[in-house]
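Number of protein chains: 2
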Amino acid sequence: MRSSTSGTLFAVVMAGGAGTRFWPLSRRRRPKQLLPLLEGRSLLAATVDRLAPLVPSERTWIVTVADVAEAVRAEVPQIPADNVLVEPVGRDTAACVGWAVWRLARSNPDATMVMVPADHVIHDSREFRKVLGAAATCAARRGGLVTLGIKPTRPETGFGYLQFGTEVERVEGIPIHRVSRFVEKPDRATAESYLAAGSFRWNAGIFAWTVAAMESAIREHLPELATRLDAMLSAATTVGEHEAIRVHYPGLPRISVDFGVMEKASTVWGVAAEFGWSDIGSWLGLAEVLPKGEAGVGVGNVLALDSSDCVLVSEGPLLTVLGARDLVVVATSDAVLVVPKERAQQVKALVDRLHELGRDELL
Amino acid sequence: MRSSTSGTLFAVVMAGGAGTRFWPLSRRRRPKQLLPLLEGRSLLAATVDRLAPLVPSERTWIVTVADVAEAVRAEVPQIPADNVLVEPVGRDTAACVGWAVWRLARSNPDATMVMVPADHVIHDSREFRKVLGAAATCAARRGGLVTLGIKPTRPETGFGYLQFGTEVERVEGIPIHRVSRFVEKPDRATAESYLAAGSFRWNAGIFAWTVAAMESAIREHLPELATRLDAMLSAATTVGEHEAIRVHYPGLPRISVDFGVMEKASTVWGVAAEFGWSDIGSWLGLAEVLPKGEAGVGVGNVLALDSSDCVLVSEGPLLTVLGARDLVVVATSDAVLVVPKERAQQVKALVDRLHELGRDELL
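Quick mapping for you: the protein sequence lines, in order, are chains A and B.
All residue numbers for the first sequence refer to my numbering, where the first residue is 1 and numbers rise by one.
All residue numbers for the second sequence refer to my numbering, where the first residue is 1 and numbers rise by one.
One chain only, chain A, in its complex shape (with noise of 0.2 Å):
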């Protein structure tokens, strides 16, 4: 067993994701994760600004997307240029958990890596990092794969759940577990069994492991994405890195490394994480992390009058709502939307209609 000082820990923030589901706030080139959704801040800038006291800038690394590189460097210029990596094109979580470890093995061998969303509201950070700092003790003691596993408070349809097996220690009395099962999205009924439980666990997509644990995972449980990062490493000694990224990437196996890796390993530890989480997935989601005033969260320029539980934003127009129930009403400068709450995870459809129609300059 490795002690929990072996190796340095580094940080990867991913912050790939191209979200429509807050469209029209949210756009191809200004994915969810840079929207000004918290205080005025991205949610971005405060995920970095969250782990600075665990992780330092210079050891945190980001993951993004060719589109949105850019902006992304302008909103944490705290982070080196060389810690920002860009994927020409995405392709789902184990190619950027691959890159990011295959690159740092190099030249950290004994890292520790938590791999953090840049797009999940955190409530209490300070807990969030001492969560996050046992799941890197964990990984570098245990040497095995960490996932945090965040107590349920509805039977939400829309996660995968962990089922948590016994407890197995405490680390800064944080109680770690064996993990004997994931699962996929369930039905409602299934939801409502795994609350009533007890031993199931939200997967947020938050991990710890060291970047040795994390290579012999995708060397045994993802050999063509190992194979095709050798070669993609290899090629950036001779023609460069961005030469060698933007030629190999896009040929990356396209596999989420929850499905990939994590369902596979036979060893996984749950840390069971309390720290008041949302991934906020939609304008529903939004609403439920923002204050509350009479008509229901507003943000922007917005007036309402006579109004209740409804969710209104606006970053351009004066939006004024009277006697709106329930409604999510978003305005930008070129796009409105409206929409009841109880559809407001279908803003997709509206989306791929506006593609159909050729309207991508709205995208």
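Among the hints, a few may not be true.
Stated by the list, open to error - Distance ranges between label pairs, derived from CB positions:
hint, chain 1, residue 1, chain 2, residue 2, range
1, B, 167, A, 334, 50 to 60 Å
2, A, 184, B, 158, 48 to 58 Å
3, B, 348, A, 334, 21 to 31 Å
4, A, 358, B, 348, 50 to 60 Å
5, A, 333, B, 66, 29 to 39 Å
6, A, 184, B, 325, 52 to 62 Å
7, B, 66, A, 334, 52 to 62 Å
8, B, 278, A, 353, 31 to 41 Å
9, B, 28, A, 333, 54 to 64 Å
10, B, 66, A, 356, 21 to 31 Å
11, B, 155, A, 308, 53 to 63 Å
12, B, 89, A, 333, 48 to 58 Å
Claimed, not checked - Here are a few chain A residues that sit away from chain B, every Cβ distance over 10 Å (derived from the structure):
hint, residue
13, 81
14, 89
15, 106
16, 107
17, 171
18, 233
19, 317
20, 318
Said to hold, decoys possible - Covered, in the sense of this in silico footprint (three residues per stretch, anywhere, with C-beta under 8 Å from a C-beta of chain B), are these stretches of chain A:
hint, region
21, 197-210
22, 343-352
Calculated from the structure, these hints are not laboratory results.
For glycine and all other residues, C-beta sits at the position ideal for the given N, C-alpha and C.
Start from chain A and add chain B according to the hints.
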């Protein structure tokens, strides 16, 4: 009794309204009558064109108000500049009628005048001219005041009503009645009884009279207005009309021609009118006169999915709606309005609130 050909027929179009009920499309400087609501044309232009076969442009006058005078002139350039009477401030319809009558009486004492609002929708223009021609003939022959009574199609509580007495004659086949009573906006039960009675008609504010008859009626029922109009017209001969209007017009009493004159006159003739009429007093009224698609009424830059019975208007950003029912949404480049249909007549509350907040640049 005068012959029907004794006086020349003039038309006066009342285009002074500053209505807030179509905010944010309508603004202080672009009131309802100037909005391109019908196939891209304004109600004012449509009104003038509709009158043209009955009254040519050189005998069509427009009364408007300073804020919108320039836009009015640009909208109907065929009307001679001298025919556009510009109120420095609005003083309701009696002052507006009085000014037109006093001015016309100086040059054309035998004139008959039809008075038509600039912001109504008329479905059957030919029938409209036939009815208006009959009203003018009736006014010229009988020397009294004539009003059009629209056959009600619903128990509307937003209009005043006329009660028609027995038919006294037909002019070109159009029935003429004595008006036995003017009634203010009724409550719902009363409106229903009017609809059932059959003898009640909507007061549409469309009139005919000889200038001599209306001058007499104003002198009898609104002597203060008459005295001030005398002074104003007299001043015009010495200081010029523009200066006389600037000084005297704001002092004219503020009262409607219905309440100040028509309801008090001993003899008013009512012409039975059925030509498909709407005053489109709100977004709902507009919805009734525009063609309907799957989602309801859509005007301009609009994309609706799985929505019904809405009124969707944009002249700015793309307005997208998903899963909405019975909503009014109006988007412009600087303001967006969202209101359930059932509250659409209360838009003034928002406009008032914006004024209180000092956001007059949006009004």
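We went through each hint and held it up to the structure:
1. 167/B - 334/A: 50 to 60 Å: Roughly 58 Å apart at Cβ, these two residues keep to the hinted range, so it holds.
2. 184/A - 158/B: 48 to 58 Å: Holds: the Cβ-Cβ distance is about 57 Å, inside 48 to 58 Å.
3. 348/B - 334/A: 21 to 31 Å: 29 Å, holds
4. 358/A - 348/B: 50 to 60 Å: 40 Å, violated
5. 333/A - 66/B: 29 to 39 Å: 32 Å, holds
6. 184/A - 325/B: 52 to 62 Å: 34 Å, violated
7. 66/B - 334/A: 52 to 62 Å: Given range 52 to 62 Å: violated, Cβ gap about 34 Å.
8. 278/B - 353/A: 31 to 41 Å: Given a distance of about 33 Å, which is inside 31 to 41 Å, the answer is holds.
9. 28/B - 333/A: 54 to 64 Å: 23 Å, violated
10. 66/B - 356/A: 21 to 31 Å: Taking Cβ atoms as reference, residue 66/B and residue 356/A lie about 49 Å apart, which means the hint is violated.
11. 155/B - 308/A: 53 to 63 Å: Violated - the Cβ-Cβ distance for residue 155/B and residue 308/A, about 31 Å, lies outside 53 to 63 Å.
12. 89/B - 333/A: 48 to 58 Å: Violated, at about 35 Å.
13. 81: The claim stands: residue 81/A keeps its Cβ more than 10 Å from every Cβ of chain B (closest is about 36 Å).
14. 89: The assertion about residue 89/A holds, with a minimum of 27 Å to chain B.
15. 106: 47 Å, holds
16. 107: 48 Å, holds
17. 171: 46 Å, holds
18. 233: Nearest chain B Cβ is 44 Å from residue 233/A, so the label holds.
19. 317: 5 Å, violated
20. 318: 5 Å, violated
21. 197-210: violated (count 0)
22. 343-352: holds (count 5)
The structure fails hints 4, 6, 7, 9, 10, 11, 12, 19, 20, 21 (numbered hints given earlier, in ascending order).
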